[in-house]
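Peer 1: Here's the letter readout for the chains.
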Amino acid sequence: MITIKNFKVSIENKEILKGIDLDIKPGEIHAIMGPNGAGKTTLAMAIMGMPGFKIYDSPQRPGFAGQARFMIDGKDMVNKLPEEKAKAGLFVSFQSPVEITGVSILAFLRTAYKAIHPDEKIPLSVFKETVKKALLGVSLPEDFMQRSVNEGFSGGERKRAEIAQMLVLKPKFVILDEIDSGLDVDSLRIVAKAIQKAAKETHMGVLLITHYQRILHYVKPAFVHVLMDGKIKRSGGMELVKIIEDKGYAAI
Amino acid sequence: MQQFDLSNYQFGFHDKIKPIYSTPIGLSEETVREISGLKNEPDWMLQTRLKALALFFAKKLPMWGGDLTRINFDNIYYYVKPMEKQGRTWEDIPAEIKNTFDKIGIPEAEKKFLSGVGAQYDSEVIYHSISKMLEKKGVIFCDTDTALHKYPEIFRQYFGTIIPAADNKFSALNTAVWSGGSFIYVPKGVHVDLPLQAYFRINAKNMGQFERTLIIADEGSYVHYVEGCTAPIFTTDSLHSAVVEILVKKGARVRYTTIQNWSKNVYNLVTKRMFVEEEGFGEWIDGNLGSQLTMKYPSVYLKGRKARGEILSLAFAGAGQHQDAGGKAIHLAPETSSVITSKSICKDGGRTSYRGLLKVAKGAVNSKSTVRCDALILDEKSRSDTYPVMDINEERVTIGHEASVSKIGEEQLFYFQSRGIPQTQAEVMIVNGFVEPIVKELPMEYSVELNRLIQLEMTGSVG
Chain U
5 MITIKNFKVS IENKEILKGI DLDIKPGEIH AIMGPNGAGK TTLAMAIMGM PGFKIYDSPQ
65 RPGFAGQARF MIDGKDMVNK LPEEKAKAGL FVSFQSPVEI TGVSILAFLR TAYKAIHPDE
125 KIPLSVFKET VKKALLGVSL PEDFMQRSVN EGFSGGERKR AEIAQMLVLK PKFVILDEID
185 SGLDVDSLRI VAKAIQKAAK ETHMGVLLIT HYQRILHYVK PAFVHVLMDG KIKRSGGMEL
245 VKIIEDKGYA AI
Chain D
34 MQQFDLSNYQ FGFHDKIKPI YSTPIGLSEE TVREISGLKN EPDWMLQTRL KALALFFAKK
94 LPMWGGDLTR INFDNIYYYV KPMEKQGRTW EDIPAEIKNT FDKIGIPEAE KKFLSGVGAQ
154 YDSEVIYHSI SKMLEKKGVI FCDTDTALHK YPEIFRQYFG TIIPAADNKF SALNTAVWSG
214 GSFIYVPKGV HVDLPLQAYF RINAKNMGQF ERTLIIADEG SYVHYVEGCT APIFTTDSLH
274 SAVVEILVKK GARVRYTTIQ NWSKNVYNLV TKRMFVEEEG FGEWIDGNLG SQLTMKYPSV
334 YLKGRKARGE ILSLAFAGAG QHQDAGGKAI HLAPETSSVI TSKSICKDGG RTSYRGLLKV
394 AKGAVNSKST VRCDALILDE KSRSDTYPVM DINEERVTIG HEASVSKIGE EQLFYFQSRG
454 IPQTQAEVMI VNGFVEPIVK ELPMEYSVEL NRLIQLEMTG SVG
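Listed in order, the protein sequences are those of chains U and D. The opening position of the first sequence corresponds to residue 5 in the working numbering, with each subsequent residue numbered one higher. The opening position of the second sequence corresponds to residue 34 in the working numbering, with each subsequent residue numbered one higher.
Bear in mind the hints are in silico, worked out from the structure with no lab data behind them. Treat the hints loosely; a few may be bogus.
Straight-line alpha carbon distances no greater than 27 Å define the calculated DSSO-like cross-link-like pairs of lysine-lysine that follow [claimed, not checked]:
| no. | chain 1 | residue 1 | chain 2 | residue 2 |
| --- | --- | --- | --- | --- |
| 1 | U | Lys29 | U | Lys251 |
| 2 | D | Lys395 | D | Lys339 |
| 3 | U | Lys9 | U | Lys136 |
| 4 | U | Lys91 | U | Lys132 |
| 5 | U | Lys58 | D | Lys392 |
| 6 | D | Lys473 | U | Lys132 |
| 7 | D | Lys165 | D | Lys145 |
| 8 | U | Lys136 | D | Lys473 |
| 9 | D | Lys392 | D | Lys339 |
| 10 | D | Lys283 | D | Lys183 |
| 11 | D | Lys395 | U | Lys118 |
| 12 | D | Lys283 | D | Lys145 |
| 13 | U | Lys118 | U | Lys137 |
| 14 | D | Lys238 | D | Lys114 |
| 15 | U | Lys84 | D | Lys114 |
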């Protein structure tokens with residue numbers, strides 16, 4: 005289970021998130037919707053621990069009782085390095101993932117997998133099969149594994165490659181940040197199916213961050229939260245999606 | 034990031050070998066006469082050496098490139114002879130010296146993937162072998178001193194014709210005091226499938242190593258020559274100043290690969306040049322990881338129609354190092370083409386400079402050239418510069434030039450970390466990815482070695 009509590013984040017002394025509370029259990033799919041500038045991406049990146057994002061409770065009184073918390077399976081991870089969070093089972097997808105010249109997807113994932121699952125010894129041939137399956141699962145050709153990470157990929161290919169990485173690395177909890185933007189309808193369906201399947205089969209907890217409702221009709225999250233002005237304004241189910249579709253965020 | 038630690042230089046050990054002979058310290062006409070006399074050389078070679086010595090004394094130190102003023106030419110041994118007779122098998126080599134090459138892995142490599150091996154220890158080539166099959170096909174691979182005696186006509190015909198003594202101060206010095214190096218002749222149409230390798234080791238203190246290499250690839254032939262270099266760490270500086278002359282005849286192809294890993298007290302000042310005739314193809318793959326200062330710009334002179342030249346230059350400069358490297362392509366005939374690719378990395382206050390020349394002579398119509406140099410700077414203390422010179426005297430040519438300077442971004446590191454890969458490891462992967470276009474051109478064993486060396490430089494440890 006991941007627990008997010010009283011989560012406040014500022015960037016360059018500007019408060020972006022004003023106290024988020026959220027629990028995600030294994031196998032649950034949650035969605036966070038919100039207008040531009042609500043702090044959606046900030047939430048994903050701050051949880052993973054992107055430099056420059058300051059997580060705090062009260063700048064005047066550090067360490068008081070209502071301190072910001074981020075826990076994975078009951079363990080406080082707020083001040084841990086991103087790689088430690090990854091090792092604890094967290095995966096975050098990026099809106100515009102960086103290019104890494106000369107490092108193949110295969111080499112990248114192999115290194116990542118060994119770092120996250122140090123006790124597993126998987127022969128390269130078996131690992132290659134896993135990567136191949138993951139790529140085919142998001143309709144990317146298998147020879148993508150030999151290509152440099154994200155280099156020369158189209159917007160849609162990048163998003164699908166992020167999902168393929170997720171499938172290979174077997175995280176316990178994933179935060180998918182606008183994984184739907186830049187995807188055509190077919191890709192959207194493929195990605196949504198892959199997410200649903202992973203959640204069901206591996207009990208992966210999912211937090212889907214999106215600006216649009218489209219993907220939610222495919223993924224069908226059980227929990228929907230609306231983030232506005234740095235706070236979760238309302239939580240519920242798919243009925244919230246309908247309200248936003250019909251009347252916009254102002255109706256929330 | 035961990036600091037690079039000099040004590041991690043794994044080839045920094047020093048053998049307790051007493052040379053059987055060395056000339057007195059310092060440089061004079063007597064030294065040159067003595068070297069030539071010891072080698073029992075013909076008079077023309079002695080005269081060549083003496084003329085070159087006069088040129089060396091007359092020429093000023095270059096004022097560009099790195100700082101050469103700290104080289105004390107009077108405090109160098111110009112000739113150090115480690116043992117009496119050259120070996121044809123490793124059993125002929127004294128145990129301590131063989132031990133060095135064992136540590137470097139040469140005898141093992143020879144068995145597995147080489148056609149021939151030369152090993153130079155201080156001034157003399159102490160071991161040489163070539164596969165029987167190549168010998169039968171007429172391929173000559175021996176040390177340059179032997180070639181002077183055994184193949185006097187062909188030797189004299191080409192020696193100093195590609196790089197004259199007067200070319201620069203250090204080619205003059207090399208011509209005056211040269212010793213060792215490789216001589217290769219590949220007959221018409223012969224393909225040498227596995228690489229020939231030479232290994233250069235400096236062991237003596239205050240030593241100058243001046244090997245001289247001459248490669249002639251006759252029409253339609255192919256050869257790949259690989260050289261590696263290491264030295265112990267002393268508190269005083271050593272000097273390595275080689276000259277490499279290569280003739281690529283009509284339709285022939287020569288690939289020359291260097292993985293230079295001198296210890297960080299060596300001045301590495303080398304002149305390398307290829308003449309490429311009609312439809313020939315000359316390639317330099319030049320990796321510079323070691324030395325305190327390297328100044329080296331391998332060049333291709335494209336002399337015949339459709340001649341091609343390619344230079345891949347890789348430089349890594351850590352603390353206290355300056356790699357001034359690059360390449361030169363001189364187009365002298367129509368339809369010639371060249372590609373220069375330079376990748377440099379600097380960290381911990383190291384400095385890399387790309388220095389290149391692209392020259393197209395009048396009449397070299399329809400020639401093509403692409404120059405690309407990329408620098409990766411790993412911290413604020415380090416420095417990278419680019420000095421490209423273009424001298425284009427023909428209008429009907431296609432020239433491309435691209436340069437980039439990058440730093441490892443926080444965003445990139447964070448991406449790795451979010452996938453469980455810690456920063457230090459991420460940096461190694463990014464650097465290896467950056468040099469990948471060059472590494473993939475190396476034979477497999479060398480690419481593994483190069484990646485390992487980079488990891489060592491980046492993290493101070495392997496594994």
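Peer 1: Next step is simple, just say for each hint if it's right about the structure.
Peer 2: Do the hints match the structure? See the list:
For the hint pairing Lys29/U with Lys251/U, the CA-to-CA distance comes to about 31 Å; that exceeds 27 Å, so the pair is violated. This hinted pair checks out: Lys395/D and Lys339/D have alpha carbons roughly 16 Å apart, not beyond 27 Å. The straight-line distance between the Cα atoms of Lys9/U and Lys136/U is roughly 38 Å, outside the 27 Å bound, and the hint therefore fails. With a CA separation close to 21 Å, the supplied pair Lys91/U and Lys132/U stays within the 27 Å bound.
With a C-alpha separation of about 54 Å, the suggested pair Lys58/U and Lys392/D falls outside the 27 Å cut-off, and the hint is violated. For the given pair, Lys473/D sits about 21 Å from Lys132/U by alpha-carbon distance, which is consistent with the 27 Å threshold. In summary, the hint linking Lys165/D to Lys145/D is supported, as the alpha carbons are separated by about 15 Å, within the 27 Å threshold. Distance restraint check for Lys136/U and Lys473/D: the Cα-Cα separation of roughly 23 Å lies within the 27 Å cut-off, and the hinted pair is therefore satisfied.
Taking the CA atoms of Lys392/D and Lys339/D, the gap is near 16 Å; set against the 27 Å cutoff, the hint holds. Proposed proximity of Lys283/D and Lys183/D is supported: the alpha carbons are some 25 Å apart, at most 27 Å. With a C-alpha separation of about 58 Å, the suggested pairing of Lys395/D with Lys118/U is violated against the 27 Å cut-off. Annotation: proposed proximity of Lys283/D to Lys145/D is violated, straight-line Cα distance about 31 Å (limit 27 Å).
As the CA atoms of Lys118/U and Lys137/U are separated by approximately 18 Å, the hinted pair is consistent with the 27 Å bound. Among the hinted pairs, Lys238/D with Lys114/D is consistent with the structure: their alpha-carbon atoms are about 13 Å apart, no more than 27 Å. Distance restraint check for Lys84/U and Lys114/D: the Cα-Cα separation of roughly 59 Å exceeds the 27 Å cut-off, and the hinted pair is therefore not satisfied.
When held up to the earlier numbered hints, the structure conflicts with 1, 3, 5, 11, 12, 15 and fits the remainder.
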